Amino acid sequence: MSGGERPGNPFLLPAATTSRFVLLVTIVLAAAASSFDLVAGGASQWSAAYAPCDLAADAAARAGTRDARALAAGYLGCLRAVGLERAAVALGAMLAVAVAILVLYLVRPRLTIARQHLVPAGEELSGLVAGLAAEEGLRRTPEVLLDANRGTPGGRAFGRYPRYYLRLNIGTLHEARQRGDRSELKAIVLHELAHLRNRDVDLTNLTLSAVWVFAVLVGAPLLVHTAIFDPVRLAPLSIRTLVGVVLVVLLAASVLRAREHYADVRAAMSGGAPVSSWGDVKGSLVRLLRLHPRAADRAEVVRQPGRLLRWMPGEALGAGIAAGLVLPHLMEFVSLWLSNLDRLAYLVSALLAGLPVAAILLAGAFRATLAAMAAGRPAPRGVAAGVALAAGIVLGLLGAPSRMRLSWAESIAAAPVAAAVMAVFLLALCVTYVRWLSACAGAWLPVARSRTLSPVYLGALVPATLLFGPFFGAWVMSAAIGIETRAPGTAVWAILMSVFDAGKLTVLLLAALYPLGSWLLYTSRARGRRLYLDSPREYALPAARVRPLVALAPAAVLTSLVVAAELATTEPILLSLIAGFGPGVRTDSLGDMMAVAAAIVVVLGLLQTLIAVVVSAFTGRGLGPSHAVLAAVAGGLGCSVAIVWEPLARTCATGQCVAADLLSQFAALCMGVLGFGVLVSLLGAGAVSAVRALVALTSPAPVRPLVRPARAWLRRTLAAGALGASALWIAGTAPNWLLQYGFVDLRQSSSFVIAGNAVSPGPPGTVTDREACAAMANASLAPNIGDGYYTAWATAFVRLGAGRSPFLVTLGQAGYADARTAQYRLRDFTTPLNAYCVRVS
Numbered sequence: 031m032s033g034g035e036r037p038g039n040p041f042l043l044p045a046a047t048t049s050r051f052v053l054l055v056t057i058v059l060a061a062a063a064s065s066f067d068l069v070a071g072g073a074s075q076w077s078a079a080y081a082p083c084d085l086a087a088d089a090a091a092r093a094g095t096r097d098a099r100a101l102a103a104g105y106l107g108c109l110r111a112v113g114l115e116r117a118a119v120a121l122g123a124m125l126a127v128a129v130a131i132l133v134l135y136l137v138r139p140r141l142t143i144a145r146q147h148l149v150p151a152g153e154e155l156s157g158l159v160a161g162l163a164a165e166e167g168l169r170r171t172p173e174v175l176l177d178a179n180r181g182t183p184g185g186r187a188f189g190r191y192p193r194y195y196l197r198l199n200i201g202t203l204h205e206a207r208q209r210g211d212r213s214e215l216k217a218i219v220l221h222e223l224a225h226l227r228n229r230d231v232d233l234t235n236l237t238l239s240a241v242w243v244f245a246v247l248v249g250a251p252l253l254v255h256t257a258i259f260d261p262v263r264l265a266p267l268s269i270r271t272l273v274g275v276v277l278v279v280l281l282a283a284s285v286l287r288a289r290e291h292y293a294d295v296r297a298a299m300s301g302g303a304p305v306s307s308w309g310d311v312k313g314s315l316v317r318l319l320r321l322h323p324r325a326a327d328r329a330e331v332v333r334q335p336g337r338l339l340r341w342m343p344g345e346a347l348g349a350g351i352a353a354g355l356v357l358p359h360l361m362e363f364v365s366l367w368l369s370n371l372d373r374l375a376y377l378v379s380a381l382l383a384g385l386p387v388a389a390i391l392l393a394g395a396f397r398a399t400l401a402a403m404a405a406g407r408p409a410p411r412g413v414a415a416g417v418a419l420a421a422g423i424v425l426g427l428l429g430a431p432s433r434m435r436l437s438w439a440e441s442i443a444a445a446p447v448a449a450a451v452m453a454v455f456l457l458a459l460c461v462t463y464v465r466w467l468s469a470c471a472g473a474w475l476p477v478a479r480s481r482t483l484s485p486v487y488l489g490a491l492v493p494a495t496l497l498f499g500p501f502f503g504a505w506v507m508s509a510a511i512g513i514e515t516r517a518p519g520t521a522v523w524a525i526l527m528s529v530f531d532a533g534k535l536t537v538l539l540l541a542a543l544y545p546l547g548s549w550l551l552y553t554s555r556a557r558g559r560r561l562y563l564d565s566p567r568e569y570a571l572p573a574a575r576v577r578p579l580v581a582l583a584p585a586a587v588l589t590s591l592v593v594a595a596e597l598a599t600t601e602p603i604l605l606s607l608i609a610g611f612g613p614g615v616r617t618d619s620l621g622d623m624m625a626v627a628a629a630i631v632v633v634l635g636l637l638q639t640l641i642a643v644v645v646s647a648f649t650g651r652g653l654g655p656s657h658a659v660l661a662a663v664a665g666g667l668g669c670s671v672a673i674v675w676e677p678l679a680r681t682c683a684t685g686q687c688v689a690a691d692l693l694s695q696f697a698a699l700c701m702g703v704l705g706f707g708v709l710v711s712l713l714g715a716g717a718v719s720a721v722r723a724l725v726a727l728t729s730p731a732p733v734r735p736l737v738r739p740a741r742a743w744l745r746r747t748l749a750a751g752a753l754g755a756s757a758l759w760i761a762g763t764a765p766n767w768l769l770q771y772g773f774v775d776l777r778q779s780s781s782f783v784i785a786g787n788a789v790s791p792g793p794p795g796t797v798t799d800r801e802a803c804a805a806m807a808n809a810s811l812a813p814n815i816g817d818g819y820y821t822a823w824a825t826a827f828v829r830l831g832a833g834r835s836p837f838l839v840t841l842g843q844a845g846y847a848d849a850r851t852a853q854y855r856l857r858d859f860t861t862p863l864n865a866y867c868v869r870v871s
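Residue numbers for the sequence shown follow the numbering used here, beginning at 31 and rising by one.
Since the hints were derived computationally from the structure, they do not count as laboratory data. Since the model is a prediction, treat every value here as computed from it, not as a measurement. Heads up, some of the hints might be wrong.
FRET-style restraints, in silico, Cβ to Cβ [to be verified]:
(1) 77 x 572: 32 to 42 Å
(2) 519 x 269: 30 to 40 Å
(3) 211 x 181: 11 to 21 Å
(4) 436 x 326: 23 to 33 Å
(5) 89 x 450: 37 to 47 Å
Each residue gets a CB set at the ideal place from its N, CA and C atoms; glycine is no exception.
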């Protein structure tokens, strides 16, 4: 069966109308908040509002009336007061715009009836509409109204929940009488009823309301206020406002055009003929702004409804713009809620900003993958969508308020090399993310059991949001650090350290394993779907080709054996075995034990990859780059948890280390395993390609696979093993994550000699504030690994204690005392210092 030319069914998944409406609302609210924040912040962009806090902190530090912690708490309290005011401006703008849109949505139907002088239709016409509505299965029959002022044929469905209307032009009735048939009338009615059945009438009402509210409450007031009170900034603000209005109008037009296409297809499914009164339009610009598509486009979509399932890079571009615009405002709210804990605030804010982005991109990926599978084509890669997403994020950040000393545009212009480096990272992250969305769609669509495919989409939305949010926030935070310090190396190190976080690594692992969950449902063939509109028959989607099963088998088997061996005994078998080859190695010493454990994992990783390479090369199955990395992550991390966690706890219980050292050393091991596993697995994937090429050159006949396709029991075993390994990983890293983000406070001394003790603070005034803040920024990037963490901070606090600002000197000296005694929770000082250094010129 080939579906390449058959009309695909676009109603199996959420429509593009919904995706574009979500995008429109997000951008309208974010643009409103950004615009009012820009005006309320004045020419200084809120710097003048924060300046009194800095001056008061310096004055209090100079007077010496409060200790360092009280001084830091007072400074943060002052910042929170200003931040609350700033957040109130943005949140107030969002709420005002949202309420205005809702109010206009409620009153627009009555305004439309009054403005157009619509009157109820007669019983005959109402009966015709009621009969067609019953045939279409509509729960609510719309009230039919006549427009006696429009002599051209046409109609329109409008209203709001729960009352809807169908307006028919008087010209429609005149034409029906002149022609002697009601084909045109029936076509118009079916088209408008299709809008009701597609449930896009409310979206249309809200869309048009959003355009008017944005223009009247955001665009016009900003320009008037600026022209009166700040005419110097009128030109740049006018450009920003014009761009915002054009973007909103373009999105609204896109929503309305999409709903027309879906209504045309729905009406055609009910036997409606094309409406001969469809107009046409010429010119690309007019076509972008037109609320109805061209007649030729509408006819083409009716002939090939699968065009509605295409992956539109424009949606990804808009989603990126929305994420970049809304993130700074969410940061203000969340940072106040979390007491200015920026690291966690970035994570939470990015998760909130990532929800609509993930919803839009995931819907596009599912629609495009469904169309490809129904047509027998490979799933789309989505590279264009990934590039568009990255470009949109940059554009959104350029138009949003910045938490740096300069705006994003000014900072990028001052540090072009660091900005270019971070742009490359962003492009790689976005393309990888979009390709992962496509992989998830290809894995889960064929196994859907529900009546529709929407539950599968909604289920994938959770991991999609969890994956996009943390890494989007990590990139923004790292980009700000790298661009602010104007050091490309710092930018690279910042993004790497942000990724090597217990929480983010856990999300990464679960995201990699998420498509494997679909294998558990391959016990029987999934239910059929009406994939094509030209036939009432239901077809099952072709089963996804799960190629890496055989190649993953060695990793799964070895991991299972290691986990079973370590959990079934009271002694660490592998540690004792390897330690027996070296008489000087002690399994009760932290350093020796970590070295032995790393050696074990390296050997297991090499063995896994070697077997997988051989099996994959001679079976022709699996171990591409992504499959190889998945095997390394699932196998290596699972083994490291099983091997190391119990002996680490025993060693620390004897007084050889403290809890903080246990967690940091464990995190360091897992980071090393991940880095090593990725490198070796990629080399193994390259070796597979080389072996296959060599076999193809030396063998005149095709090589027959040595292993048959994986059975259902093997699929379930591999999936269960991968999920078990991820559960072990989460159990091991959760305590470290709680420590990193301050949910657990451990104040215990270290038994190690800290190199920072040998550093003596210099006299105040010998180091510039900018140099002192740069040293602190570098310490913020130091990995949380044993005593190296305290050494980095002790050195940074020495520089701060030798600064020129009294506030930096006081907190630097107090922080040095904590660092040299290995106090784990240094955030009492690092949070206010980070906030102070943001405004250091």
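Hints, verified against the model:
1. In this structure, residue 77 and residue 572 break the distance hint of 32 to 42 Å, their C-beta atoms being roughly 59 Å apart.
2. The hinted range of 30 to 40 Å is satisfied by residue 519 and residue 269, whose Cβ atoms lie roughly 35 Å apart.
3. In this structure, residue 211 and residue 181 meet the distance hint of 11 to 21 Å, their C-beta atoms being roughly 19 Å apart.
4. Distance hint check: the CB atoms of residue 436 and residue 326 are about 49 Å apart, inconsistent with the given range 23 to 33 Å.
5. Separated by about 42 Å at the C-beta atoms, residue 89 and residue 450 satisfy the suggested range of 37 to 47 Å.
Of the hints listed earlier, those the structure fails to meet are numbers 1, 4, in rising order.
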